[in-house]
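Take a look at the letters that make up each chain.
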Amino acid sequence: MDSSLDLVRHVARLARLELTPEEETTFGRQLGQIVEYVEQVQAVDTSGLEPTSHCMPLVNVVRADEPSPGLARQELLANAPRAEAGMFRVPKIL
Amino acid sequence: MSTTPTYEAVIGLEVHAELLTATKIFCGCAARFGSEPNTDVCPVCAGFPGTLPVLNGKVVEFAIMTGLALHCDIAPRCKFDRKNYFYPDLPKGYQISQYDQPIATKGFLEVRVADATTRVGVHRVHMEEDAGKLVHVGAAGLAGAEYSLVDLNRAGVPLLEIVSEPDIRSSEEARAYMAELRLLLLTLGVNDGRMEEGSLRCDANVSVRPAGRAELGTRTEVKNLNSLRFLQKAIDFEIERQIRVLSEGGAVLQETRLWSEERQVTYAMRSKEEASDYRYFPEPDLSPLVIDSGWIADIRARMPELPAARRTRLVDLGLSSYEAGVLVDQGELAAAFDAAAKASAYPRAIATWLIKDVTRLLNEGKLRLAELPFQPEHLARLVDLVETRAITVAAARQVLAALVTEGKDPAALVAEMGLAAMADDAALREIIERILDAHQAQVAEFKAGKTKVVGFLTGQVMRQTQGRAQPQQVNALLEEALARR
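Heads up: the sequence lines are chains A and B, in that order.
Straight run, no breaks: the first sequence in the working numbering ends on number 165.
Straight run, no breaks: the second sequence in the working numbering ends on number 651.
Okay, chain B solo, but in the shape it has when bound (with noise of 0.2 Å):
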């Protein structure tokens, strides 16, 4: 047989999260980005003999609280185990870590592409230290490097490492996934979410196999992917080269690579070539946990409405599952959202508004909802003057951008500006005389058949009211005018 398959990818992503707590996970020190080099370091994280760590409570609370929002399984019983490498950046020369017991297992997130929601399974979740982080001298990385230096401010970070099931079959459903994930994390308010900074990453192991093939094909594992748009590129790149090898006669090796942004590839990463051999065993100095159906009970009890659940609660108020959508994966679009329509009878409006008038305004401005003194209450109040016909949406539109800025009562921009709708009719026929009068020739061309010359003068009309009057009303008014001419 010379066809050519079809190959189908397999893709498992493995994510890093460090944990929102105020402390490391096993010291007092500081857990925070961008501090002076070596300056949130105690004898703990600095791997000085003699230390013992004690494990910060929170770190165990935000990992039920996320392996519950995975719907995973929560272990009765878990440990803690050392992982035992040499690394520069590790100081103990070994990592705590969890091995054969993590904290949760067995859950997955759903994921929506496209149209289509598929459920991607969670093989695991379980809590470590993070390491170090090495700047290298002399070269733009390890590779080539004269020498590095340490910084131990990230040594003992909380991390929990989430790892996925290889159910994932495109790049698409790997960002999608991966994009879920951030915002369930962000929404327990367990992670920042910051990919670029790397509080959030995501490494990808990526194979291929002929299509209808039940053996998996020997996988690399992609590394360096620090925003989603780089996943899903470094993904594609990984997939159609695996394809390529195979295609052409070769063997996928298994290795790790990395994704470079600049040449747009991913490539081998150079590592010492040596077999890890982590001899785990259990870490003596941390008593196991005993989590019980209470302690999940009342954390289940303090868990925020997830994504999901918020997207199909807007669906119930009557916003398209497209609108609701692009507020849930906004945070702070849904929370103005739900501030604002708890007091309008228009949720459907409110959405519109912020979806297209308010974000248009943030990204215009390059700013943040949070910044500015802008109240959802108050769009809730523009929203009802819209759609009681007090105002026009062309001077809502106006009263918005002050609105925002402002921070006032819309109803007291409307005044203060003058935009109240002029909606009576004999003022409104006045004007539309003197409009007629002084374009005849568009009148003349209407009477020709023209009727295309309307719209000019409603927006004649409009500008003499300065947006003021309802186009419809101008539009009835106007073609009694020009009928009677």
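Same shape as in the complex, but just chain A (with noise of 0.2 Å):
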């Protein structure tokens, strides 16, 4: 449970999530639920198979190098908690 616990945390972190003493134990073993439940492909019997990346039998999709209208920009930044000559405002970083 330890473990699931730090990685409770580690992703949290990486997301910038912060979470409760409580959080941190329900999404761990939620987390762990999961983990176990996905872990059952483990059972298939993969040898002799291509490992995979994708699951639709495409490829090569790619479209012409031609332009297309974008938003205006005043639609862009409508949602922005802040803007500021024209760009998004964001508090400070370091």
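Please keep in mind that the hints were generated in silico from the structure rather than gathered at the bench.
Given the structure is predicted, the values throughout are model-derived calculations rather than measurements.
This list has only true hints and no planted wrong ones.
Straight line, CA to CA, 27 Å or less: simulated DSS-like cross-link-like pairs of lysine-lysine:
1) B:Lys299 to A:Lys163
2) B:Lys389 to A:Lys163
3) B:Lys522 to B:Lys574
4) B:Lys508 to B:Lys574
5) A:Lys163 to B:Lys249
6) B:Lys258 to A:Lys163
7) B:Lys389 to B:Lys299
8) B:Lys245 to B:Lys258
Residues from chain A that keep clear of chain B, each with C-beta distances beyond 10 Å, as calculated:
9) Arg80
10) Glu93
11) Glu107
12) Val112
13) Asp116
14) Thr117
15) Ser118
For each residue, glycine too, the CB sits at the ideal point set by N, CA and C.
Two chains, two frames, some hints: make the complex.
Quick look at the structure:
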């Protein structure tokens, strides 16, 4: 259980989430269950199968290098909590 | 042992090249420099939820072309991956890049330093998207800024990341590698080569080790190298700094450093101290790429002549390797050379005129060849006139000055300016006799053994003929005339 707690804390930190100790326990347990559930696929015999990264039999889906209109800046910035000089304003980084 | 060991530097370069596509890598927004902030942005490159990326086919073509030019193996199959991290210039919270299956690997680039050619390995080439641009407010840089502003025009601009092997041993070699790579990308037409604008960027991994030791020292990564000059200076500084640290018994810290042109030093970059954990995984929204030999052959067939091949060809035409190098390193001069040489029997003379007089005229006027009405065929005809002695070199210089700005037929200019060579012995003798009559003192000096005055007298004749007489002919006639006195 400890390792899953560590994992929850690590992932939470990477995702910039602040969790209470209760949440850490709850999510730790739930994550553990999810991992266990997914682990069932390990039982499938995959010997002799090529590893694959995608489940669809599609390759080389590309588009032509032709411009299409984007968003008006006003529209783009409409949901920004703060904007200034046509740009998104974000809190200091360091 | 207390002897100071000599150190060897080990350098690898990581280059990011923005591709000259019309649109971004995963959406149809314009990929260009200098637009008003946030005006080339759409829901895809702004990272709005629910949007899907679609790969720009031109990016793949440019990547394959670059890989081929660098003698790489092109992956028969590759994919994109998500590199997860949080930074305000990355709206999705991940960068779409290629992790364990880059499109091209195991290549090399031949680099010339002084007269030697060395081969620098290319570890890999992969495709990825650029991030947005941050403007820090309240300080010159990130450190100390009160807040930052985000412009997403650059977010999603296609990049090639080209990673060299740590084969480079000096700052000169690093500079030469970067210059040759820049020229290669320019020649392929995949990048504009503008390091100062950031469309071609370079990071240097630098470490030092006692000479002869196989094991690598701890490296630092130096960023902010936005010119060839900065690259060389920053590496020199970093090598010296690391040697000093080690000689004093210290240890080099693995860190990212920035070059400060103002202070002429590298300094440790402040960052949030966190081990990076990018949690790469395959990008589910983009299909894998399968690149067959037909596709590769088609691209190879459309590739232009590359700088190395061009240099060899020019040397085969009779140019020195120095001349070939100067012309090829400035692509537009090489193009002018090719066009002019095709129409002339004197390729070497054309090269000389381009490297010396044409370059001087361009530098004086701060001009670019492409901006002038000057046609390479005109240069070919001018050189023919000189080589067949129809005009003198001095006259040709006057014609050239008019030619680069007027773009006229040189023969017509010669007639217009009255610069046809004066080759008639009798006419020249007459001028010489007049000059000698007018310069009795110098003639007496000559008779007294001061042969140096011949130069002065030749100059007088040249002036009288407005540079239209061939100096050798004048010299010969002058000596005859003096002997008769």
